[in-house]
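Residue numbers (my numbering), protein chains in the order written: chain Y, 63 to 186; chain B, 63 to 186; chain X, 63 to 186; chain R, 63 to 186.
Because the hints were derived from the structure by calculation, they are not lab data.
Please note that the accuracy of each hint is not assured.
Claimed, not checked - To be clear about the criterion: a stretch of chain R counts as covered by chain B if any three or more of its residues have a C-beta under 8 Å from a C-beta of chain B, and this derived list gives those stretches:
hint: 1; segment: 103-115
hint: 2; segment: 137-143
hint: 3; segment: 176-183
Because the structure is a prediction, the values reported are computed rather than measured.
Each residue gets a CB set at the ideal place from its N, CA and C atoms; glycine is no exception.
Protein chains: 4
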Amino acid sequence: MENEVFRNDRFAKYIGAEVLEAKPGYAVAEMKITENHMNGLSLVQGGAIFTLADYAFAAASNCGGNITLGINACISYLKSPQGSRLTAVAKEVHSGRKISHYEVEVTDENGEPVALVHITGYRK
Amino acid sequence: MENEVFRNDRFAKYIGAEVLEAKPGYAVAEMKITENHMNGLSLVQGGAIFTLADYAFAAASNCGGNITLGINACISYLKSPQGSRLTAVAKEVHSGRKISHYEVEVTDENGEPVALVHITGYRK
Amino acid sequence: MENEVFRNDRFAKYIGAEVLEAKPGYAVAEMKITENHMNGLSLVQGGAIFTLADYAFAAASNCGGNITLGINACISYLKSPQGSRLTAVAKEVHSGRKISHYEVEVTDENGEPVALVHITGYRK
Amino acid sequence: MENEVFRNDRFAKYIGAEVLEAKPGYAVAEMKITENHMNGLSLVQGGAIFTLADYAFAAASNCGGNITLGINACISYLKSPQGSRLTAVAKEVHSGRKISHYEVEVTDENGEPVALVHITGYRK
Numbered sequence: 063m064e065n066e067v068f069r070n071d072r073f074a075k076y077i078g079a080e081v082l083e084a085k086p087g088y089a090v091a092e093m094k095i096t097e098n099h100m101n102g103l104s105l106v107q108g109g110a111i112f113t114l115a116d117y118a119f120a121a122a123s124n125c126g127g128n129i130t131l132g133i134n135a136c137i138s139y140l141k142s143p144q145g146s147r148l149t150a151v152a153k154e155v156h157s158g159r160k161i162s163h164y165e166v167e168v169t170d171e172n173g174e175p176v177a178l179v180h181i182t183g184y185r186k
Numbered sequence: 063m064e065n066e067v068f069r070n071d072r073f074a075k076y077i078g079a080e081v082l083e084a085k086p087g088y089a090v091a092e093m094k095i096t097e098n099h100m101n102g103l104s105l106v107q108g109g110a111i112f113t114l115a116d117y118a119f120a121a122a123s124n125c126g127g128n129i130t131l132g133i134n135a136c137i138s139y140l141k142s143p144q145g146s147r148l149t150a151v152a153k154e155v156h157s158g159r160k161i162s163h164y165e166v167e168v169t170d171e172n173g174e175p176v177a178l179v180h181i182t183g184y185r186k
Numbered sequence: 063m064e065n066e067v068f069r070n071d072r073f074a075k076y077i078g079a080e081v082l083e084a085k086p087g088y089a090v091a092e093m094k095i096t097e098n099h100m101n102g103l104s105l106v107q108g109g110a111i112f113t114l115a116d117y118a119f120a121a122a123s124n125c126g127g128n129i130t131l132g133i134n135a136c137i138s139y140l141k142s143p144q145g146s147r148l149t150a151v152a153k154e155v156h157s158g159r160k161i162s163h164y165e166v167e168v169t170d171e172n173g174e175p176v177a178l179v180h181i182t183g184y185r186k
Numbered sequence: 063m064e065n066e067v068f069r070n071d072r073f074a075k076y077i078g079a080e081v082l083e084a085k086p087g088y089a090v091a092e093m094k095i096t097e098n099h100m101n102g103l104s105l106v107q108g109g110a111i112f113t114l115a116d117y118a119f120a121a122a123s124n125c126g127g128n129i130t131l132g133i134n135a136c137i138s139y140l141k142s143p144q145g146s147r148l149t150a151v152a153k154e155v156h157s158g159r160k161i162s163h164y165e166v167e168v169t170d171e172n173g174e175p176v177a178l179v180h181i182t183g184y185r186k
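Given these sequences and hints, build the entire structure.
What follows is the structure in structure tokens.
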């Protein structure tokens with residue numbers, strides 16, 4: 063749909079991230095872990111985890127015709143993921159007229175927390 | 063070399079990031095911008111910019127046999143990049159026995175600042 | 063008690079912050095808002111909100127004889143507080159051997175969210 | 063002056079912070095360290111350091127009649143301060159129409175870096 067610009071995210075597709083659910087203020091994205099996501103230590107690269115979280119944020123905040131751009135984002139790495147799949151759940155924490163705050167939790171296949179990401183958006 | 067684990071970063075390679083220079087506490091990484099880096103608004107996806115910055119951090123902090131893991135990272139998006147290339151320069155701001163702080167500046171082909179990333183590392 | 067070093071926090075006392083409850087990984091702190099907490103726009107100064115949150119983190123992470131130092135902290139300001147009292151609830155999100163992650167929510171007298179603070183600690 | 067609202071910051075005054083220099087996009091603030099700034103470990107409380115940095119940001123961003131509110135702030139603690147005085151220098155990193163990014167460096171009496179703070183502001 064024309065008001066779901068996040069569906070056209072080339073980078074998210076390129077790395078294998080997929081939005082499973084999206085409504086204003088809430089979204090779920092998933093990514094199957096492959097060799098292409100590994101860093102030099104054979105751990106999932108922080109950028110891959112970050113991108114999945116950012117994609118969930120984009121889906122939650124750009125639903126319904128809104129255009130929200132990320133202003134900044136802070137990621138905390140909690141533990142290395144186990145299993146073959148990462149899931150990111152983005153929830154709006156608070157939203158003003160222009161500024162919105164989202165929290166995204168990334169979990170692994172066992173449901174263990176992998177990263178916590180706080181993203182601040184600016185509504186155009 | 064065996065003490066340059068960042069050379070084996072599959073994810074960085076996959077998205078086209080390359081380390082141009084690396085010494086302890088300092089590194090430069092570069093990425094040619096392609097269609098694969100675009101988000102749904104045809105801007106470079108935040109995750110692509112973040113990954114480039116994170117890769118420069120990894121190169122600077124994992125040089126010389128050290129293994130440093132990112133604990134957390136904060137990215138501020140300054141402006142959308144122009145041109146066809148992004149460059150990330152990572153510099154150590156301070157380093158204690160276990161904890162180190164890096165600042166990474168990402169600029170576009172015109173030398174304009176695109177993002178500022180602060181990364182905290184933990185030396186194993 | 064000698065293992066509750068946060069009880070001796072002079073700065074927290076000076077600005078009127080008080081720990082109501084503290085156990086490992088969880089604490090509640092409170093502060094009555096006074097004229098002394100105002101910034102130049104007659105809003106509660108960000109530093110006062112931050113300090114209350116940091117104090118709750120210190121109580122939760124320094125309980126039971128542990129010494130945990132903050133490495134970094136990110137605060138997001140959600141809305142201006144109403145009423146005469148702020149409450150900060152600190153919860154451990156994840157804890158490794160040395161590194162721990164806390165989330166602190168600050169609410170006003172009406173229970174409305176005022177700030178969200180993520181703090182990373184290092185256990186000595 | 064009426065366009066220097068930061069001069070009326072009650073909390074900054076209360077904890078002993080003072081603006082030494084302020085122009086649009088740049089400011090310097092200072093604080094004499096006293097017993098009142100100590101935490102339970104007899105180190106300068108993170109909230110005191112944060113408040114000084116935030117005050118320098120407010121001075122730099124609210125000069126010349128602008129009103130800029132902090133949206134979020136990330137502080138990294140580099141090392142414990144030595145000596146009897148802290149200095150915070152705030153510099154604008156980038157400024158758009160509504161959103162601005164500042165970096166504040168806090169140093170101790172020996173000129174050693176104590177904390178690095180990144181603050182994002184929203185111009186009303």
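Against the structure, the hints:
Look at the segment 103-115 of chain R against chain B: 0 of its residues bring a Cβ nearer than 8 Å to a Cβ of that chain, fewer than three, so the hint is violated. With 3 residues carrying a beta carbon less than 8 Å from a beta carbon of chain B, the segment 137-143 of chain R meets the three-residue requirement, and the given coverage holds. Counting residues of the segment 176-183 of chain R whose beta carbon lies closer than 8 Å to any beta carbon of chain B gives 3, which reaches the threshold of three, so the coverage claim holds.
Violated hints amount to a single one, hint 1; each of the other numbered hints is respected by the structure.
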